[in-house]
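Whenever a hint applies, use it, and build me the whole structure from the sequences.
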Amino acid sequence: TQLLEQSPQFLSIQEGENLTVYCNSSSVFSSLQWYRQEPGEGPVLLVTVVTGGEVKKLKRLTFQFGDARKDSSLHITAAQPGDTGLYLCAGFNTGFQKLVFGTGTRLLVSP
Amino acid sequence: SQTIHQWPATLVQPVGSPLSLECTVEGTSNPNLYWYRQAAGRGLQLLFYSVGIGQISSEVPQNLSASRPQDRQFILSSKKLLLSDSGFYLCAWSVPRGGYTFGSGTRLTVV
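Going line by line, the protein sequences match chains A and B.
In terms of this note's numbering, the first sequence is residues 27 to 137.
In terms of this note's numbering, the second sequence is residues 992 to 1102.
Do not rely on the hints blindly, as some may be mistaken.
Derived DSBU-like pairs (lysine-lysine); straight-line CA-CA distance at most 30 Å [what the hints assert, rightly or not]:
id : chain 1 : residue 1 : chain 2 : residue 2
1  : A       : Lys82     : A       : Lys124
2  : B       : Lys1070   : A       : Lys124
3  : A       : Lys124    : B       : Lys1071
4  : A       : Lys124    : A       : Lys96
5  : A       : Lys124    : A       : Lys85
6  : A       : Lys82     : A       : Lys96
Since the hints were derived computationally from the structure, they do not count as laboratory data.
Quick look at the structure:
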């Protein structure tokens, strides 16, 4: 069974601070995705990383795929209240036709 | 453009009653379809996935079942609900190796 552990589980910060969320596994994934979920809604895809060591930027969000494709990180610069939500990583293995989701990180950014 | 519809948004059902949640996708053909359940503020647990009409793979043995009577229709059912079936149920679709698009979810409370 492929597992993705996220840390921290919960993060409460002030507007303007930086933060990093980690997603770790002992399994290799062919690609990894990050989603953000608002309360009462379904997750929304933010980014997909495919190549080991790949870095993608989405405005203030920076996503990195580990060299061994077993882990990933999400870094947010100058967090804003609008960044509040549940962040989920998800690993995709071409041997399966489904994503394995991480345990989730709940982020609260206060004004 | 592709859209996904999931209903109802909320549902309160007594223990032992049947369940039927429906999900339909528009704007795409032969999508992969998924049912997930999410505990409060946590990651997603895959319940069922389908790669074609009548093709259902079950991930977690329980008193739930799924059916795909049409290409773009996915139904989650139960003959007799348990208290432990309460949760947030999400339907999603994808193309192979693509990102997942989620419905807006159904909040099920079994009382």
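Evaluation of the provided hints:
1. The hinted pair formed by A:Lys82 and A:Lys124 meets the criterion: a straight-line CA distance of about 23 Å does not exceed 30 Å.
2. A C-alpha spacing of about 26 Å is found between B:Lys1070 and A:Lys124, which places the hinted pair at or below 30 Å, so the restraint holds.
3. A distance of roughly 28 Å separates the Cα atoms of A:Lys124 and B:Lys1071; the hinted pair therefore holds under the 30 Å criterion.
4. A hinted pair counts as satisfied when its Cα atoms are at most 30 Å apart, and A:Lys124 with A:Lys96 qualifies at roughly 17 Å.
5. Of the pairs offered as hints, the one joining A:Lys124 and A:Lys85 holds, with about 28 Å between alpha carbons and a cut-off of 30 Å not exceeded.
6. For the proposed pair A:Lys82 and A:Lys96, the alpha carbon gap of about 17 Å is at most 30 Å, so the pair holds.
Hint check: no violations occur; every hint is consistent with the structure.
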